[in-house]
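Protein chains: 2
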Amino acid sequence: MKDKVPDIKYLFEPRAVAVIGASQDKTKLGYHVVDNIVSGGYKGKIYPINPRGGDICGHRVYARIEDVDDDIDVVSIVVPAKFVFEAVKSCAEKGVKFASIITSGFAEVGNVEEERRIVACARDHGMRIQGPNIFGIYSCVSSLNATFSAGCPEPGGVAIITQSGALGLGMIGKTAIEHLGLSAIVSVGNKSDLDEADLLEYLIPQEETKLIFMYIEGVQDGEKLIRVLSAATKKKPVIVLKSGRSERGAIAAASHTGSLAGSDDVFDAIMRQCGVLRAECVKEGFDWCKFIAASPPPPGDNTVIITNGGGIGVMATDASEKYNVALYDDAATLKEAFTAVTPDFGSTKNPVDITGQAGRAEYNVALDAALNHRDMHGVMALYCETAVFDAENLSSMIMENSRKYREGGKPLVFAVFGGRKSEDCISQCREQNIPVFSDVYEAVSCMGSLYRYYNYKNNISEGEATVELDTRLIETIAHQALQQNRFFLLANEAQAIMKIAGVEVPRSSVARNLDEAVRCSEDIGYPVVMKVVSRDIIHKSDAGGVALNLENKNEVIDAYQAIIQNCKAYNPNAFIEGVEIAEMVKPGTELIIGARRDATFGTIVMVGLGGIYVEVMKDVTFRYFPLDRREVMNMIKEIRSYPLLLGVRGEEKKDIDGAADMIIKLGSIIQNCKTISDIEINPLRVYEGKGVKAVDVRILLSKVERSNQHE
Amino acid sequence: MKDKVPDIKYLFEPRAVAVIGASQDKTKLGYHVVDNIVSGGYKGKIYPINPRGGDICGHRVYARIEDVDDDIDVVSIVVPAKFVFEAVKSCAEKGVKFASIITSGFAEVGNVEEERRIVACARDHGMRIQGPNIFGIYSCVSSLNATFSAGCPEPGGVAIITQSGALGLGMIGKTAIEHLGLSAIVSVGNKSDLDEADLLEYLIPQEETKLIFMYIEGVQDGEKLIRVLSAATKKKPVIVLKSGRSERGAIAAASHTGSLAGSDDVFDAIMRQCGVLRAECVKEGFDWCKFIAASPPPPGDNTVIITNGGGIGVMATDASEKYNVALYDDAATLKEAFTAVTPDFGSTKNPVDITGQAGRAEYNVALDAALNHRDMHGVMALYCETAVFDAENLSSMIMENSRKYREGGKPLVFAVFGGRKSEDCISQCREQNIPVFSDVYEAVSCMGSLYRYYNYKNNISEGEATVELDTRLIETIAHQALQQNRFFLLANEAQAIMKIAGVEVPRSSVARNLDEAVRCSEDIGYPVVMKVVSRDIIHKSDAGGVALNLENKNEVIDAYQAIIQNCKAYNPNAFIEGVEIAEMVKPGTELIIGARRDATFGTIVMVGLGGIYVEVMKDVTFRYFPLDRREVMNMIKEIRSYPLLLGVRGEEKKDIDGAADMIIKLGSIIQNCKTISDIEINPLRVYEGKGVKAVDVRILLSKVERSNQHE
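Chains as they are written, first to last, in my numbering: chain A, 1 to 711; chain B, 712 to 1422.
Derived from the structure by calculation, the hints contain no laboratory data.
Straight-line alpha carbon distances no greater than 25 Å define the calculated PhoX-like cross-link-like pairs of lysine-lysine that follow:
{"#": "1", "chain 1": "B", "residue 1": "1329", "chain 2": "A", "residue 2": "618"}
{"#": "2", "chain 1": "A", "residue 1": "586", "chain 2": "B", "residue 2": "1242"}
{"#": "3", "chain 1": "A", "residue 1": "421", "chain 2": "B", "residue 2": "739"}
{"#": "4", "chain 1": "A", "residue 1": "322", "chain 2": "B", "residue 2": "1329"}
{"#": "5", "chain 1": "A", "residue 1": "283", "chain 2": "B", "residue 2": "994"}
{"#": "6", "chain 1": "A", "residue 1": "283", "chain 2": "B", "residue 2": "1132"}
{"#": "7", "chain 1": "A", "residue 1": "421", "chain 2": "B", "residue 2": "1132"}
{"#": "8", "chain 1": "B", "residue 1": "1297", "chain 2": "A", "residue 2": "586"}
{"#": "9", "chain 1": "B", "residue 1": "1264", "chain 2": "A", "residue 2": "553"}
{"#": "10", "chain 1": "A", "residue 1": "531", "chain 2": "B", "residue 2": "1297"}
{"#": "11", "chain 1": "A", "residue 1": "540", "chain 2": "B", "residue 2": "1297"}
{"#": "12", "chain 1": "B", "residue 1": "1329", "chain 2": "A", "residue 2": "653"}
{"#": "13", "chain 1": "A", "residue 1": "618", "chain 2": "B", "residue 2": "1364"}
{"#": "14", "chain 1": "B", "residue 1": "1033", "chain 2": "A", "residue 2": "283"}
{"#": "15", "chain 1": "A", "residue 1": "637", "chain 2": "B", "residue 2": "1329"}
{"#": "16", "chain 1": "B", "residue 1": "1033", "chain 2": "A", "residue 2": "618"}
{"#": "17", "chain 1": "A", "residue 1": "540", "chain 2": "B", "residue 2": "1364"}
Using the sequences plus the hints, can you model the full thing?
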């Protein structure tokens, strides 16, 4: 394998391209790709390749790529699957930088071996593969449309990376009619070599790309994706649409962390943590693209709704709550700003209702007032078609104000609701790249996504909270279990690891006789609980082998004797090792805290409402690890039951810092101890003031270790 | 006041209409209303009224309504507000049936008195008022467009009732360009007389109306609305859009039921209970209207997705989970049905992926297979624009199959994603009243709303669960408190009412001395808890006035003496009435159960997760009362924590029936005892097997009673 891989830049900005499988037959993809490259106005050199020769779209056809006496950066391959390997081989040997394999019929239909062979061959020569099973690549900066799409994208500032070729083709058409201009659209297909992260490396610094939209179906190297996405969102907004939210294939893992993490919630949490905006459907994603790409960053959160109809104003208020848009609330300032254009039966409160009598002049005055006021940072302007205001005037008013707001550095979104004239106005504005929506919810959703991105960008957490751990000691305990062919730790082993990590667990020890029982109890401190220790007695309660809330020496003596007697009666043959004496743990708010090594995303931490509520309320939240302490606190604040930690009904605040420490500790153990795959504390009791206690701890060992040792 | 009110039919089907304020000036509403009536093709007689005389749109103008020698059913009034009363009076005296007051400037700007005067005058003569502050009325059956809208609606099967005139005007335009045909559109404005419920009485039996869409901002007579909506949904689908979800004006009521009920959740729950589909925004509501009005009722729940692209297929699967569309899952049957049109690299599993190679023929075969299979009840067909299938062919394929499915009695929805050709196809189909969507989420949302309606309609609960109560005895207790100027009951009073209603409460009594304390404890049964009873000691725990978990006579004696001693030390001047001895209530699943008299909707019942989780998890659900027992059980099943009642971690099922009884009992008390406004049990402990216990009960008394007695 060659040491050096080609700069990804040449995939998007090739100086010469070839098409292997170019065809004169207009029903073939091999024709459309050449035709699109030529008619798209590509400025570099074009080499159609086909053993039959001739010419296509005015370009001479070469029989073989070897015949081309030029350096070729990108080759589009459209020959049938069985000929692809040979084509790739000839390209690789010629020193081509990128092969864009449009042909399908590989891993997606189970033909994994052939795909691997192709990639291996390319790698040996330092060539990289896009696809297979793709529609190709469009790159605005070099006017390259090396796809078999029926139309050409409009040039613009949005780059699209899609895993689905079919959907991507649809997107080329859809973005064109919606005047959503593209800087690039690329499909990654089977991702045999290049994946989203590789393409992002080019798109992140590229100036023409203002915003990146990605359609994802599955993630392979999640840790790489996290790194690249986090880097991307520092520079520009990224919108991700991921299908498979309802995927039923997830296998219930051994721990809660595992099973809950299998859900879409983990992906969702990670995207938020990376500052990515996650759209639910294509329409929503494209709406956001249009608006965010065209909007300046907001100078603050205070948003004003200006409307000519009360009904749509109220709906926009509802939508603002849904999409977390902060409505400006200073009544006196609002009154001063808008009173000039608000009749008595209108309202200067936010939503500002300038009433159905408002025409162009009133909208201009109101919009100017908001633009010029330093405490108003963004406007959602609504227009409901009336008999008074004509829609032709409306278009120019919207265009003029959009320009003013863009120049003034404040976001402005318009929603226009009505008939033919309103729709025409929307179309006219969209042709000028001014996103206007017909439903107020769409407009508010866009404003909400804009704020969400910039709120993230302005508050990026850079640090990494970590703890010092004696990982060698922890690994020693884990390895001892593995040597016994055990892939989980016993309670005392798990407790030992907690102690190494400085996590408080209930004090306990095993007494072999009455004297020891009393001494242990005095050491631990009353009240204590007692449980028989015997591998022959599974159901300890049924056997009378448990005693709770023992408050003094006499009660301990009575209980010890009763337990021994009960258990002997229950199972005369049972071997009784002793009686466990443990601290009776004080009640407290119960959390579940977990960390696991995810096959896709690496170390994942979790926190949620614990105890019996875990499965029922599913009030849990996730993050990838490491993360900084502020983000750990955000994570805790995100759970619905967070108010319990703040204290309800006159309780004091609980030890939230202590809970945060636990998350960082468990994350650090998973991060640093490769033998351990899952840890879960449930419940972690969190106390008023200061103090947390890990009542129950489960630790699973890594399956990787297992295969290393036993296969 | 006249005994008889005119039949609402004549508002929608008037034989003669007049316009008071008719004008020749084309900038005036008075012109547009006449012009719309004339150009809309109204078949009845038209009488423009204006003191200046002349003629408008070819109709003679009468100076005064009295001059018209004919019976007039509807008069549109467009004169300025100050002249409206006189106009109404002249109409009323002439025997006009309905006055449709378009003019604004009444209650909506605080001019309540004038509005009341107008209504009173109309009522005296048996005339009814629509509005004021409306755009008028459009009624397809009589070709009447008595509005000042710029355009005319398309005729069709959807009736719209809107509270907002401005939004209604926008809707007239919007429905026309979206080819959403209307049977009627009416605005209710200030609802000074006629409200939504009155209009529904006409629309429910009217054959031309297939579906009703309502835009609501606020509800006055909620009980009437519930009655009429429940009647409506038995006959046809009703879609409601209600704004003000985020209304912040709700004042925190004294009980949880009150405060939580103030939220939008109550309205939402009631709409569901009435079988109403609640849309979030206009776009969603209109999409549902188009699809449901055009679709046959589904013969069952089994839905099949047929797609030519994997990506959109997966997204439709996600959307199906979101919108509760049941995907058919019999792999063998699916394979048999679709194998003929599915290439190897496609999939016959649901979503059925007939791949990008599929053209008209393949779609036809696949759609026929689903239509003809008795276990497949509905289809969502998706099409992603490809190079293979041309969009012109697509339109006729969609139209043909839509007809076949309509005739075959199965719902079919199409989503088409792509560029210009796809959009043209969507437009062509919509012109033929075939709803096709460009985003799969929109299509699936429509299918989901269709199922939701018919699932309701096929399972309407008719009965009413009630209990026998000694209301006289309950009212007696409440009246005693009112006589003491108390609007809440003391704990013992509330417990007395619970006992009358047959609700189990913890046993307790007050001991005045040591002997009584022991006797009480023996009567109640150990363990018991003890609390000092003294109005001078507020913080009983701080004073050492509480003892828990007393297990025998000796412990009771010790505790009694300690409490008396502690309290005397704590406050030597305190008057100690005695010590309350109470049963120590067993732990169990904690619910909150409530009932209250809502100013809008009458008796409302509530159930949810109780204890300290009420405010935090807000896991509560509401219903109006009375309701049948099955609906009570549905209500309990709706809360997220329902699995706790089924038993988690090896517990047995809890007494869900007992909890249901409590809901019915509390509802019945509110329904029958007018003195009581709010009851709340929190927690109600629900036990494994059989048994519930109301640990804490709060009862508030009716404010109506209070005003009657003290004002």
